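K.L.:
Residue strings, one per chain:
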Amino acid sequence: MSWGSKGKIYVSSENTKKIYDRLVKDYPQYFPSLSVLFQISAAVGMFLEKKKELNKNVELVNEYSIDKDGTFALILEMMYPDLAPEQRLEELEKFAEAGIEYILKEIETNGSFIIDKFVYKYSKEDSYD
Amino acid sequence: MLHKRWEIDKMWLSKIVVKNFKPYRDETSIDFGFPSTNRHITIIYGDNGFGKTSLLDAVYWGLYGKLSRDTYLMFNDDPSDNEMFVELHFYDEEYNEKIIVHRSVENKVSGFKETLEIIRNGEALELDALDLQSFIDEKILPYDISKFFFFDAEDIKSIAEKQGGEEVKESVELILGVKTIRKTIEDLNSVKKEFENERNKILKDSREYEELNDKLREISKQIDEKEKRLEKIRIEIKSLKTKRRELRAQLADASIQEVREFESRRKKLEEKITRLNSEKQKIKDEIKELSSNIHLLILRSVIKYHLEDIETKLKEISKKREELENIQNRIILLEKLIEENKCPVCSKLVLSGDVEIYQQELKELKKMYSDLPKTRRSIEDEYVRISVKYKKLKEKLDEIDKIRPEALFELREKFRQIENDIKTAEKEKAKISKRLENFGVSLVSQLETKISEITAKITQAGDEEKRLRKELDDLKKEKRGIDHKIDILAPSNSLLGGIQRKLQLLESLEEALNEYIHKLIDLRREELITEASNVFLKLTNKKEEYEKFEFSSESNYKFQIICKEGAKPDMNKISYGEKEVVALSFILGLNKYSLIKAPIITDTLFGRLSPYVQENLAILFSNAESQIILLVLKDMRENGKTEIDHLAPWLKDKIYNEYLIIRDQNKRVSHIEKVKIFGGE
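Heads up: the sequence lines are chains A and B, in that order. First residue of the first sequence? That's 2 in this note's numbering, and the numbers climb one at a time after it. First residue of the second sequence? That's 53 in this note's numbering, and the numbers climb one at a time after it.
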């Protein structure tokens with residue numbers, strides 16, 4: 002599924018890019034690549050229904066690597082049936098921006114981000130509560 | 053023949069007789085007499101080309117059969133008068149001896165025939181030509197130093213230009229007596245040669261004996277050398293083995309064992325860490341692969357939320373669709389009921405008042421759902437569209453539910469475990485490394501390397517020892533064989549030892565004489581310098597400036613002036629006049645210093661020198677102990693001057709007699725007449 006002609010995935014700042022790099026370096030068992038971390042961040046953002054505007058675009062990864070099975074596209078189409086694909090991708094970036102902020106906060110607060118627990122707990126409960 | 057050189061003291065030239073010699077065709081004699089020490093100067097005047105230098109040549113040729121420069125002898129054309137001769141009369145004052153040297157050349161058809169005769173106190177010496185010449189050299193004046201006694205301005209110029217050096221060295225050594233000693237050494241060598249000949253004669257008879265002896269000595273020498281070398285190698289091997297034992301003991305030491313153990317453990321840990329890292333990387337790759345859909349697990353609830361939403365929507369649409377269908381059915385029923393006035397379902401007749409009610413209901417329904425089919429189609433489309441999305445989401449959910457994150461979680465656990473294992477191994481390795489650092493870096497390997505090196509050296513030395521032993525055995529065997537042969541030949545060689553001892557004695561003597569020469573030169577060189585310095589300070593016009601005359605170094609005879617403050621001016625840069633003064637100082641110093649009192653003959657010497665030096669030279673000559681013969685330039689015109697007119701005050705009282713060379717321009721011959729110009733006796 003195409004996201005239009007954008008081709009790249011952006012984050013809001015150099016600092017955010019550095020956060021991505023650091024987490025991939027420090028937690029390879031959870032975030033083995035930037036693409037995986039972006040996917041998780043976007044999923045967390047969607048899960049929390051939180052978005053954060055991007056003030057400045059800093060390139061992170063190629064677009065094709067973040068949604069190979071089209072799940073994000075499908076969900077965003079459901080969520081934003083009236084928006085163009087490029088605009089939906091921007092919405093995805095906003096979710097990811099909020100998601101990475103949450104993950105970082107978790108790490109800073111608890112010393113780690115137990116993604117397994119997060120995924121398991123919420124994925125098994127058919128509820129947001 | 054050996055002579056004591058100092059027998060020739062105070063040799064005076066009393067007479068010169070020449071015939072057919074250069075311009076002196078007729079027999080011409082100059083009688084110098086036997087001058088006293090008060091009047092010892094003879095002056096011979098002559099103009100250029102009249103025959104002054106020919107007289108100097110006559111003395112040279114008469115004594116040595118050579119000319120003082122590149123000229124040639126000329127014979128006259130008269131075949132009846134073809135003999136040329138020079139006769140020199142000397143008087144040895146000390147020994148009261150009269151010596152006449154007569155050298156002649158006859159121009160014969162067969163060629164020139166030169167004859168030398170020497171008459172000593174009226175008796176001709178019965179010697180061959182070479183010995184006669186040696187007699188002149190030794191008794192009168194050696195040829196090699198004659199240039200310091202018979203000289204002209206050109207000779208001074210030549211010495212001044214060369215500033216001493218090798219040529220001077222030879223002459224000086226001759227005067228010092230070195231030549232005599234060298235002659236003695238030569239004589240010693242002659243004697244030695246005789247002994248050697250004698251020895252060779254014996255050796256010739258027993259050459260084999262000598263050869264065997266040489267061989268024996270050589271073999272003994274080789275045996276000695278090899279035994280020394282062998283001993284050295286044995287000591288070396290012993291020392292190496294001791295060292296190796298010590299090193300091995302160190303290796304066997306408990307602490308070393310511990311080090312080895314630690315090193316082994318460290319090595320194992322390094323291998324383990326490498327293996328774990330490799331495993332870790334592998335797991336990381338697997339995690340990466342499995343992590344590509346881990347976000348879907350989070351998205352599952354998001355999808356589920358949307359599915360629920362869609363389900364609600366679908367329910368609502370279904371309900372609405374049902375409502376519209378019911379309305380559609382009611383409209384159809386009402387239309388049929390009004391048309392037939394009976395119920396289409398139960399066929400019961402409808403009352404006319406009720407028909408109006410049904411008509412009213414139908415009217416209201418039609419009004420409310422004016423485009424009911426279109427509305428129903430639209431609802432239907434919506435339902436289909438949402439159903440498709442629902443289906444897709446449902447399928448995605450089913451896919452997600454098939455994901456088994458446990459495998460990923462297990463990998464992550466494994467990854468964590470490996471990381472822990474690596475950390476533990478690294479920690480242990482660091483601990484061991486620290487322990488090893490305390491033991492010293494690679495102590496064991498260093499010890500092992502040293503032991504290997506020493507072992508290699510021991511092996512090498514052992515090989516050499518073995519080789520030397522074999523060589524020694526062979527040599528000893530050979531020596532025994534030679535010993536046996538010598539024992540058989542020995543009795544015939546008892547004379548050899550005696551000759552050998554004499555030869556050794558002569559060699560020692562030769563060595564001692566050579567040493568004596570060096571010491572003599574060192575000692576007497578200083579005396580010569582003193583004499584030359586005295587003359588130099590008398591001649592030079594810079595008495596206030598200069599300190600002395602010297603040779604520039606001990607090994608050469610280059611002239612050097614020393615200034616008062618000790619400075620040594622560059623001899624190449626001093627004026628030519630000064631160079632001549634230095635050369636003249638050396639000549640006269642050497643002359644005075646030497647024990648030879650042969651006459652000094654100078655040719656046209658004064659004209660080149662500065663007036664100041666001329667005066668000083670005149671004073672020197674007037675005070676000289678030797679006989680002085682001055683060949684002086686004179687203008688032959690009436691009242692013509694001489695080159696020494698201005699020196700009369702210093703010379704005139706010392707002049708014994710004066711001669712003038714007269715030239716017959718027509719016959720081109722010269723003769724000599726006694727004159728009185730300055731006033732001799």
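One thing to keep in mind: the hints can contain errors.
Claimed, not checked - Cβ pair distances, simulated, as ranges:
| # | chain 1 | residue 1 | chain 2 | residue 2 | range |
| --- | --- | --- | --- | --- | --- |
| 1 | A | Lys19 | B | Lys466 | 27 to 33 Å |
| 2 | A | Lys51 | B | Thr364 | 21 to 27 Å |
| 3 | A | Lys51 | B | Gln333 | 58 to 64 Å |
Unchecked claim - Pulled a few chain B residues facing chain A out of the computed Cβ check, cut under 8 Å:
| # | residue |
| --- | --- |
| 4 | Lys118 |
| 5 | Arg464 |
| 6 | Gln469 |
| 7 | Leu672 |
Unchecked claim - Think about it this way: if two alpha-carbon atoms lie no more than 20 Å apart in a straight line, the pair counts; the simulated EDC-like pairs of lysine to aspartate or glutamate are:
| # | chain 1 | residue 1 | chain 2 | residue 2 |
| --- | --- | --- | --- | --- |
| 8 | B | Lys356 | A | Glu78 |
| 9 | B | Lys365 | A | Glu78 |
| 10 | B | Lys418 | B | Glu480 |
Calculated directly from the structure, the hints in this document are not laboratory data. All of these numbers come straight from a predicted model, not from anything done at the bench. Beta carbons are placed, not taken as given, at the ideal position from N, Cα and C, and that holds for glycine.
K.L.:
It remains to establish, for every hint, whether it holds in the given structure.
P.N.:
For each hint, the structure was consulted:
no.	hint	result
1	Lys19/A - Lys466/B: 27 to 33 Å	29 Å, holds
2	Lys51/A - Thr364/B: 21 to 27 Å	24 Å, holds
3	Lys51/A - Gln333/B: 58 to 64 Å	35 Å, violated
4	Lys118	110 Å, violated
5	Arg464	5 Å, holds
6	Gln469	11 Å, violated
7	Leu672	109 Å, violated
8	Lys356/B - Glu78/A	15 Å, holds
9	Lys365/B - Glu78/A	16 Å, holds
10	Lys418/B - Glu480/B	91 Å, violated
In this structure, the hints that do not hold are numbers 3, 4, 6, 7 and 10, in rising order.
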